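Given the coordinates of chain D, assemble chains G and A onto it according to the supplied hints.
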Amino acid sequence: MTVKWIGKRMMMGIIVLFIVSFLSFFIMHAAPGDPAAAFYGGNAQTLNAAEKERISRVFSLDRPVIAQYGTWLAETMKGNLGVSYKEGRPVSTILMERLPNTLLLFGVTLFFIIIGSIWLGTTAGMKAGSLWDKGLSTASIVTSSIPAFWLGILFISFFAVKLGFLPSSGTGDIGGEGGFTDKLRYLLMPATVIVLTHVGIYARFLQESIKAESRNYYVTVARANGVAEQVIRKGILRNASIPYLNYIGMTIPSFVGGSIIVESLFSWSGLGQLTVKAVVTKDFPLLMGGILLTGLIVVLSLFVIDLITYSLNPRLRKGDVR
Amino acid sequence: MLSVRQLSIDIEGKPIVRNSSFSVPLGKITSIIGESGSGKSMTVSALLGILPPGAKATGQALFYDKNLLTVSDKEMMEIRRTHLFTIFQDAANSFNPSVKMRHQLFEFSGRKSGDTNEEFRLKMEGILDDLGLAPEIMEQYPFELSGGMLQRCMIACALYMKPGLLIADEPTSALDMVLQKEFIGLLKRLNEQHGTTILLITHDLDIVAEVAHDMVVMRHGEVIETGSVTEVFDCPKHPYTKLLLDSRF
Amino acid sequence: MKSRKALTFWCTILGIIVVMTIFAGFLSSYEPNDMNLDEVYTSPGESHLLGTDHLGRDVFSRLLEGGKVTLTVASISVLVSLVIGVLYGGISGYVGGIVDTVMMRFLEALITIPSLIIILAFQAFMQGGMWSMALIIGVTGWLVTARIVRSEFIRLKDAEFVKMAIMFGTPMWRIIFGHMLRNSIPAIFVVTLFNFAGAIFIEVSLSFLGIGVPPAIPSWGNMLYYAQNDILIGAWWIGVFPGIMIFITILAINFIGEALKDPERRRLDA
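Residue numbers (the working numbering), protein chains in the order written: chain D, 18 to 339; chain G, 25 to 273; chain A, -19 to 250.
Bound-form chain D, shown alone (with noise of 0.2 Å):
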């Protein structure tokens, strides 16, 4: 059953690989200039016709579109994606340089945005009608509401120009002195700024499937026949834990984009920020990469939220659909 599930799963994953492959290989297909300009950027006028001939034949020019994009994608899973027009390197060499300060961006404030609104969730879930379930509510909506980058110039302007005790923008690692308490100072604000206007929707979206989960009929007969409150909120939280990572799956897409933005606005020097440039710039293979990394990014996480999904509910271990 294991096996059949997780075999499922993949599969989905790699289609939606597939599409956004399909959309990347799109956008180079009608990016102005031929394709061998396309690839080699910047250098091709340093190719010769003999050269540009040779990588027409390696791309299968003279074939198909649909041709062509198999030849594009048996190059990109060997990890071949080209090279940049601005930098003239491999995009691959730059997509890699970036990812740590990515992983480390969506790493932490995904951590605090999971733990904060499990607190907060719980906290108000397990107190129907009280203040703190009725203020969750509000606060959620009303933080939810405030575009991130927003927060992120009231911050810079407050932080960094007013009390100037945070550094404004950056990745803290131009100087090279400082090390990683550095790079953390600069974390401080983008990751700020993202767990402040994610974290009430979320513990939103915890406490109300606890409150849902509380009105089950077993939640009586268990404290009807005195089972420990204790007990019976763990497996409450067990069973609501369900949707919210749900929940989570869903919304990571929209969250990855949004960290893109707060990346930009704090040149915080990852992903997000790659791609937005490139876009700027019209560094197309730049830009493909900078998709296809964050499909993949996006693909994994929801991977992993599945596997834990999977882990937690019985009913899919065991095929019961009932």
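All clues stand as given, with none of them false.
Below 27 Å or equal to it, Euclidean Cα-Cα: the simulated DSS-like pairs (lysine-lysine) are:
hint	chain 1	residue 1	chain 2	residue 2
1	G	K80	D	K144
2	G	K124	D	K21
3	D	K179	D	K200
4	D	K251	G	K98
5	A	K137	A	K241
6	G	K124	D	K228
7	D	K228	G	K38
8	D	K144	A	K241
9	D	K228	A	K241
10	G	K38	G	K80
11	G	K266	G	K212
12	G	K80	G	K90
13	G	K90	G	K186
14	A	K(-15)	D	K144
15	G	K124	D	K335
16	G	K98	D	K228
17	D	K251	G	K124
18	D	K25	D	K335
19	D	K151	G	K80
20	A	K(-15)	D	K151
21	G	K80	D	K228
22	A	K241	A	K(-15)
23	G	K80	G	K98
24	D	K251	G	K147
25	D	K151	A	K241
26	D	K144	D	K228
27	G	K186	G	K52
28	D	K228	A	K(-15)
29	G	K147	G	K186
Just so you know, the hints here were simulated from the structure itself, not pulled from any lab data.
These figures come from a predicted structure and were not determined experimentally.
Leaving out everything else, chains G and A in the frame of chain D:
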């Protein structure tokens, strides 16, 4: 054992149960009978302190010299934990679907008497075997078992705990005929072998006739007749009870 | 009762914002694009209600004009997603069977791709103006609408009155439009409302990144784009006011949507 005096229940000002009095004698099976909406299930909720929000109960329900309607939450918890056990109507939904039966059965029984896991396992397996359930069900999830099996699991906990008072709220209405008979047999056995006092809520006169010693007839939120089953069956006083008995034959 | 009052309040707020942006020309005493290099970075005060920016343009006038642009882009894109979503979801839900399965699998795949990524990709070679951007936001924003329409259609297909209509031989288009679509309107309205908030978010984000609405046209996002530099020299008003407008608009939409969503469940909660 349990003595209910002048119990009234309101939900947001609307009376559900009015001035109801009855008692449950020690070691006997007492049955509350009435059609749905007669207030019998609400009475149970009031006794257990699990009334829905907005509902208020007044009167007295003495159990071990404590008024169940006024005791503190903490005392109520303690009473539920040690002296009461309640079997509900919908066995299929009485367990948390994503927790293994072993853990849930333990929380319903062994945990309360402070038994270790091993003690619990040995004792519970014996009881389950007695009830015709394989020990393997301990490692299964509720959705893998049938309603009848789950209801027997509930009985198993009652057998394990030997509560002062067992409340069974329409325990058989979700089961088919054969299982119903079997379940009623189990209740009877519990009462005869262990002397457990039982309060059985039902709408089925046949069940009352078969197991109960005393009966309480409820209608429209009021107790209209009480007495021993033989008395009431032989000479019902209230016209509604007569009607009820007539319709049976 | 309380929720009705809240609904009226937030509808009024949203109404005021919309009306103010529509009549931007009448309400402001300056042209939104008029530069005045003698009056750059004027703080909010009597001559300029909300101050001026780095080119001496009146922030208040630009705020209203920018609102018009932002809300127009969002409205058009929401309309586009509405049409696509209703068609896709309607076909999937009405036809059912294997078509439904395939269409939904495809949708599930699309939904996992961050829409901002797709939009970025398009923006790279469309070098869009206002209209093309509205179109792109619309083309990428129909997924949730389609999902809702599909589930509504599946629910309604089993409804008694639809079965009756089929039995009486009502033509298919009348069943689809007259019965099913009409009864899905409440659900579609709510999701479209949230979509509208989403579209504002995306327009603002893109323009903020400098790849949205062309810089010559004022929009809330564009204003924030320039504000990034202004804020470093202490001209806080240029960035604060557009943000407040975005915030209040989205807040109003969210509260309205929240009040309209699932009245059944709200009643139970009360």
